[in-house]
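Q: Each chain, letter by letter, is given below.
Number of protein chains: 2
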Amino acid sequence: MMNFKDYLDTRVKRIETFLMKILPDEHQEPTQLHQAMRYSVLNGGKRIRPLLVYATGEALGTPIALLDAPAAAVELIHCYSLIHDDLPSMDNDDLRRGKPSCHKAFDEATAILAGDALQSLAYEILTNFSLNPIEPHEQIEMLKVLTHATGVKGMVGGQALDMASQGKGQSTSLDQLRTLHQKKTGALIEASIQLGRIASGCADQNQWAALQLFGRSLGLIFQIQDDILDVTGDAHTLGKNPGKDVKQGKVTFPSLIGLEAAKKQLNHLYTQAIEAIHNLAPMGQELLEFTHLLARRSS
Amino acid sequence: MMNFKDYLDTRVKRIETFLMKILPDEHQEPTQLHQAMRYSVLNGGKRIRPLLVYATGEALGTPIALLDAPAAAVELIHCYSLIHDDLPSMDNDDLRRGKPSCHKAFDEATAILAGDALQSLAYEILTNFSLNPIEPHEQIEMLKVLTHATGVKGMVGGQALDMASQGKGQSTSLDQLRTLHQKKTGALIEASIQLGRIASGCADQNQWAALQLFGRSLGLIFQIQDDILDVTGDAHTLGKNPGKDVKQGKVTFPSLIGLEAAKKQLNHLYTQAIEAIHNLAPMGQELLEFTHLLARRSS
Numbered sequence: 023m024m025n026f027k028d029y030l031d032t033r034v035k036r037i038e039t040f041l042m043k044i045l046p047d048e049h050q051e052p053t054q055l056h057q058a059m060r061y062s063v064l065n066g067g068k069r070i071r072p073l074l075v076y077a078t079g080e081a082l083g084t085p086i087a088l089l090d091a092p093a094a095a096v097e098l099i100h101c102y103s104l105i106h107d108d109l110p111s112m113d114n115d116d117l118r119r120g121k122p123s124c125h126k127a128f129d130e131a132t133a134i135l136a137g138d139a140l141q142s143l144a145y146e147i148l149t150n151f152s153l154n155p156i157e158p159h160e161q162i163e164m165l166k167v168l169t170h171a172t173g174v175k176g177m178v179g180g181q182a183l184d185m186a187s188q189g190k191g192q193s194t195s196l197d198q199l200r201t202l203h204q205k206k207t208g209a210l211i212e213a214s215i216q217l218g219r220i221a222s223g224c225a226d227q228n229q230w231a232a233l234q235l236f237g238r239s240l241g242l243i244f245q246i247q248d249d250i251l252d253v254t255g256d257a258h259t260l261g262k263n264p265g266k267d268v269k270q271g272k273v274t275f276p277s278l279i280g281l282e283a284a285k286k287q288l289n290h291l292y293t294q295a296i297e298a299i300h301n302l303a304p305m306g307q308e309l310l311e312f313t314h315l316l317a318r319r320s321s
Numbered sequence: 023m024m025n026f027k028d029y030l031d032t033r034v035k036r037i038e039t040f041l042m043k044i045l046p047d048e049h050q051e052p053t054q055l056h057q058a059m060r061y062s063v064l065n066g067g068k069r070i071r072p073l074l075v076y077a078t079g080e081a082l083g084t085p086i087a088l089l090d091a092p093a094a095a096v097e098l099i100h101c102y103s104l105i106h107d108d109l110p111s112m113d114n115d116d117l118r119r120g121k122p123s124c125h126k127a128f129d130e131a132t133a134i135l136a137g138d139a140l141q142s143l144a145y146e147i148l149t150n151f152s153l154n155p156i157e158p159h160e161q162i163e164m165l166k167v168l169t170h171a172t173g174v175k176g177m178v179g180g181q182a183l184d185m186a187s188q189g190k191g192q193s194t195s196l197d198q199l200r201t202l203h204q205k206k207t208g209a210l211i212e213a214s215i216q217l218g219r220i221a222s223g224c225a226d227q228n229q230w231a232a233l234q235l236f237g238r239s240l241g242l243i244f245q246i247q248d249d250i251l252d253v254t255g256d257a258h259t260l261g262k263n264p265g266k267d268v269k270q271g272k273v274t275f276p277s278l279i280g281l282e283a284a285k286k287q288l289n290h291l292y293t294q295a296i297e298a299i300h301n302l303a304p305m306g307q308e309l310l311e312f313t314h315l316l317a318r319r320s321s
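Those protein sequences? They're chains V and G, same order as listed. Count the first sequence with the numbering used here and you get residues 23 to 321, in order. Count the second sequence with the numbering used here and you get residues 23 to 321, in order.
Worth double-checking, as some hints may not be accurate.
Any copy, or any two copies together, can satisfy a pair, since identical chains are not distinguished.
Distance condition first, Cα-Cα at most 25 Å in a straight line; then the derived SDA-like pairs of lysine to any residue [to be verified]: (1) Lys166 / Gln57; (2) Lys175 / Glu51; (3) Lys121 / Met42; (4) Lys43 / Ala257; (5) Lys285 / Ala127; (6) Lys35 / Pro46; (7) Lys68 / Pro85; (8) Lys68 / Met42; (9) Lys166 / Asn150; (10) Lys121 / Thr53; (11) Lys121 / Gly83.
No lab work stands behind these hints, which were simulated from the structure alone.
Produce the complete structure using the sequences and hints provided.
A: Here it is in structure tokens:
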């Protein structure tokens, strides 16, 4: 087995090659739209969601060629959401990974359209048999999972809850905060794991339940660590300024229950996630390492 | 056979009932997002695309219950595009059908998210067997058609071409203008007809080709008549101010080839459309009447 760092490197390279291939040609009309889409997707992202699709699918013995399309689809959804979230009327972020955000590099109209087009493209590649060579009923299962995780019950619903909660501070309950994050970031993390499972054709109910619990824990781990880093991280390692959540009056886990309790919660979820997929080992080694990485990351 | 007006009335009522059912509950969190989605979809639109799904499917003998989901899906895509097109950085329209547009009735962030969520919902209902009770491979065919018609090769691509062409005036060629409209509005019109055909399970290659030609002509008919009305229509009947295209420096068929030539082109396309589906008659009676309606409409 290759070491985990090599695993990550090869899979990141693989998904970027695939994304480069499926994104529209920037020399073709409408060029600016195509450029904006490529600019925002091929921007050196961490590719956490695609990696989760690969790690889950491979843990279940899936040929890697069946994982490219779902890995790309979930990443396109993630990228569209970042473009729209950065818009002036949303989070108003001028920078994304140290470079001008899409509406700054291009313009607002182009950014809105690029996000819109990335959303259609995500679903379109799942319907394309030459990119996603699985049975139609499995393609439909993927589309069901991804549209659900993206819409009002998932990411977009979470973003709306987030906007509504800003400035409300302590009037948000811990349950509400969990729901918000479960939708806003957790839903796509969970979907990534489900997509990997669907590609595997795995119908084992126990494994299915285990992966669901794993995904649920991992989504929250990701967000709590994000919140903790906003308090404890430094700008250089983060690649963005910490303290932004507090400045925007956002409710976070540390602001609601304190930094120590948030760390404790994170550790609890970490144990829960690891235990959930214990039975997948040694096939699930990459998933275990991945969980460790997300819970301990410094950026 | 019921008369055409009754046909339209019953089908419009039917799709609105269906849309009301599938849109998220506005009393559920996030309430504002759900309200914005319902506000923008249940706004008394003409429902041209759903009507085309019904008329095509019914001409091919499809049970009407198989047409609701695709009819709703294409309408949700259309509505999401109107919300985003109205945004300040796009066409900056404060009014839509005489009422405040979504970002005016709510706010820009909510309008962006409502559009985004309507796009996911459109595809999601096609994957739902209880709403769209057809085989998975047919559901996939619908999703393939609709995602393609929505993305860079269709509606969004057309909108980007439109933004890029503004102010370019006479430097746009007739071919470019046709391509722009074929994508911006034609793609969804064509998709509506294809969706009706897919629901019918019709695999007859001749009928398929005929409907494709019909759809292609109808899309252009729709747009040319739109352009003509912008010159000849009156505000009261249109429900919006005519002359807007000219004011925005938009290239239109009349501005490019003259009003009379545009009318001649419309008549030519009308004949072409009618001839294309001639063999479907008498089953295609509603499609014929519909074509007449679109070519002769005054609003």
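Q: None of the hints should be skipped; say for each whether it holds.
A: Right, here's what the structure says about each hint:
no.: 1; hint: Lys166 / Gln57; in the structure: between (29 Å within a copy, 24 Å between copies)
no.: 2; hint: Lys175 / Glu51; in the structure: between (35 Å within a copy, 10 Å between copies)
no.: 3; hint: Lys121 / Met42; in the structure: within (19 Å within a copy, 43 Å between copies)
no.: 4; hint: Lys43 / Ala257; in the structure: neither (34 Å within a copy, 48 Å between copies)
no.: 5; hint: Lys285 / Ala127; in the structure: neither (37 Å within a copy, 42 Å between copies)
no.: 6; hint: Lys35 / Pro46; in the structure: within (19 Å within a copy, 39 Å between copies)
no.: 7; hint: Lys68 / Pro85; in the structure: within (23 Å within a copy, 48 Å between copies)
no.: 8; hint: Lys68 / Met42; in the structure: within (16 Å within a copy, 40 Å between copies)
no.: 9; hint: Lys166 / Asn150; in the structure: both (15 Å within a copy, 7 Å between copies)
no.: 10; hint: Lys121 / Thr53; in the structure: within (20 Å within a copy, 34 Å between copies)
no.: 11; hint: Lys121 / Gly83; in the structure: neither (38 Å within a copy, 55 Å between copies)
Comparing the model with each numbered hint stated earlier shows that hints 4, 5 and 11 do not hold.
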